[in-house]
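There are 6 protein chains.
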Amino acid sequence: MATVKLPEDLESDPKVKAVFDDIRKTRGSDFINNVWRYLAFDPALLEEVWYDIRDVMAKETLIDFKTKEMIYAAVSIANSCDYCVHSHTAAAKARGMTDAEHAELLRIVSTAARTNHLLNGIRPPLDQAFDQGFDDIDVAD
Amino acid sequence: MATVKLPEDLESDPKVKAVFDDIRKTRGSDFINNVWRYLAFDPALLEEVWYDIRDVMAKETLIDFKTKEMIYAAVSIANSCDYCVHSHTAAAKARGMTDAEHAELLRIVSTAARTNHLLNGIRPPLDQAFDQGFDDIDVAD
Amino acid sequence: MATVKLPEDLESDPKVKAVFDDIRKTRGSDFINNVWRYLAFDPALLEEVWYDIRDVMAKETLIDFKTKEMIYAAVSIANSCDYCVHSHTAAAKARGMTDAEHAELLRIVSTAARTNHLLNGIRPPLDQAFDQGFDDIDVAD
Amino acid sequence: MATVKLPEDLESDPKVKAVFDDIRKTRGSDFINNVWRYLAFDPALLEEVWYDIRDVMAKETLIDFKTKEMIYAAVSIANSCDYCVHSHTAAAKARGMTDAEHAELLRIVSTAARTNHLLNGIRPPLDQAFDQGFDDIDVAD
Amino acid sequence: MATVKLPEDLESDPKVKAVFDDIRKTRGSDFINNVWRYLAFDPALLEEVWYDIRDVMAKETLIDFKTKEMIYAAVSIANSCDYCVHSHTAAAKARGMTDAEHAELLRIVSTAARTNHLLNGIRPPLDQAFDQGFDDIDVAD
Amino acid sequence: MATVKLPEDLESDPKVKAVFDDIRKTRGSDFINNVWRYLAFDPALLEEVWYDIRDVMAKETLIDFKTKEMIYAAVSIANSCDYCVHSHTAAAKARGMTDAEHAELLRIVSTAARTNHLLNGIRPPLDQAFDQGFDDIDVAD
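Residue numbers (this note's numbering), protein chains in the order written: chain G, 1 to 141; chain R, 1 to 141; chain L, 1 to 141; chain E, 1 to 141; chain Z, 1 to 141; chain P, 1 to 141.
Simulated from the structure, these hints should not be mistaken for laboratory data. These figures come from a predicted structure and were not determined experimentally. Take the hints with a grain of salt, since some may be wrong.
Claimed, not checked - Partial list, derived from the structure: chain G residues whose beta carbon lies under 8 Å from chain P:
hint	residue
1	Ser80
2	Val85
3	Thr89
4	Ala103
Ideal placement from N, C-alpha and C gives every residue a C-beta, glycine not left out.
Excised from the complex, chain G in its bound form (with noise of 0.2 Å):
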């Protein structure tokens, strides 16, 4: 159940049908999935949206394809996001994550927020270290 109808005809609205074909195009397939179809509720903010995730996640950057998807579940796990820890780990998998580094993302991820809950139970002090320019430091944790 989702807090927004689902529009009817949906490719009527120009704005709509621009960002869809769009979708098709970047990702080279037909199918559109769920959180396009209903973010089309408001076409301006379906725009706004796509445009934004697609230069951060369907451009050529910095960092590669399979990567980004992993950083983007990784935080969509600590977020708590269901459809968006489902969509991005599909998407990680699409672009070449296997079962064994899917394995080894979520041992990262579940580590991290072992220690991440354990240093907010014990706050210690932040290392004067941590503000030297970070050159010559070797801190696993």
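Model the placement of chains R, L, E, Z and P on the given structure of chain G, informed by the hints.
Chains R, L, E, Z and P only, in chain G's frame:
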């Protein structure tokens, strides 16, 4: 201000000394940052946490060291752990993350947070395609 | 699936009946949604929660009803409470929130989440100006 | 302590100068708070974030300026972003939020958090009424 | 730096004085910590929060005082509330929590956070057994 | 819908069989709930998680079994982990938690969340008293 007292004469406890020696050897550095010093208030907990972190983060695994630290930092940001954000951003830099890659990491994390909240507000149904083995899906979100 | 059993014959408990009667009177409706029915597993807890919510949300206060529900929905999104997002989005709509206002609410919430994560990643120092009584500051972020 | 170095001679970069000029013009003030100064470590990121925030928060939209800042502050509280809570509480005050309204905002946010946790603990089923267009529902929670 | 101004001459307001007197009496101590002093910026809010906390935490209930403070601290860690982690860790210690119990609390909280993230990443289906009254289930996770 | 495929013929993998046998022995029950079955998609991860959980939660330690499950459930509520809330509420009930204790747990968790948000919104300074060894402090919040 921490919630535990920093133990005096830390390395007089043999468990603590063994962990600190392993930290120094693993990192090739004499620097022991505060998280390990404060965790020494309970040597058994220190041991568990260090060996777990070391095996995930400081050993050769499928994902390279820099990427692992970037994923760890991403989760720490989402969980609002002040110390962890600092230590793992520093660690990622020590592993070679450039300023431009740092900016891109922040761009991905903050974009993910934006759509995490958007979809937690809209709650679209999961696409059945996500359950078909993820073999032939092209999704960016 | 809930973690508590829905009590049978709910209104046979006089505390529960009194709260349900007050809900009906306050809302001018016979509809009792699930949160109140399941909370009846502990009539004292039901009482505490209802009267607290009622006084904040269903009485005339400084902030108008529609805005209060929108703020409540915003917090519920950030805390990833599925039921609460649905019930308070519905309540905001019942109080007059249009689809366009809903879209704007989601735009604000998701933009806030984006900068929340960005600044939790950068951790800039607080501006001293924030401590001067906020009298003459013009900040948008 | 921030995770990025504050760039020296900030406005020697033309992108940074253009954003800072736009901030000054939009706010009618010479004060540039730290978030923008530190974001200048990556001028492209600074640009993206400022223009996005400006369009949502500093332009006339459906929701009035004070309410927008209050919603933004509410989300920032829930996401535990120290800097954001300060800057957007200050911004809401600059937009006219009184101490009494601030207290009411905190009352709504903290009451919402209470029921968010309560219902995340009980997990009652969604009411089917929430899916009927929200037309004739009277729910306060 | 707080977002509200500490009121001057706090106890000149009779509502504030009554709450402070009740805090002193309940605790058998003259020490009033900052949360109550700053909450006095809105005496009605101070009243609501104190009496609610007092009834849950400072009265004899089913769960003993030390355990209640440990649960409260656990939630405060997960919600990343700096002040609350400090005050409720201190309160648990005042109620008899030893260093070894503190370490065990942190071990449980951080292990829970680890599996919370792991399962939010995997999203296994709920076991139907969880819905059968919990009468004959032996689950540790 | 899970993000990993449930492996077929689970116990044909000797690592998985060994863990499942240990789960059955530890619990004295043949019931293996879904978390362990899905985790078997990566036998090494399954092993790490089970033995870690078992040592914290299923062995005699300082804190009794029922209280440990209640703390675990509290953290799971705050982290919005649907599966974990169900499994650890069930586990607490299997360890003897009554409905009245469950209601009190929810009361503490939700009251904590309320003040967590309130103080994350006000951000009062830490009391210096919290740093003096916690020896003679009487604080309830």
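How the hints compare with the structure:
1. At a threshold of 8 Å, the smallest CB-CB gap from serine 80 of chain G to chain P is about 4 Å, leaving the interface hint in force.
2. At about 6 Å, the closest approach between the beta carbon of valine 85 of chain G and any beta carbon in chain P falls short of 8 Å, and the interface hint on this residue holds.
3. Satisfaction of the interface hint for threonine 89 of chain G is found here, the shortest Cβ-Cβ separation to chain P being roughly 4 Å, below the 8 Å cut-off.
4. Contact between alanine 103 of chain G and chain P, as hinted, is supported at the beta carbon level, the nearest pair being about 4 Å apart and thus within 8 Å.
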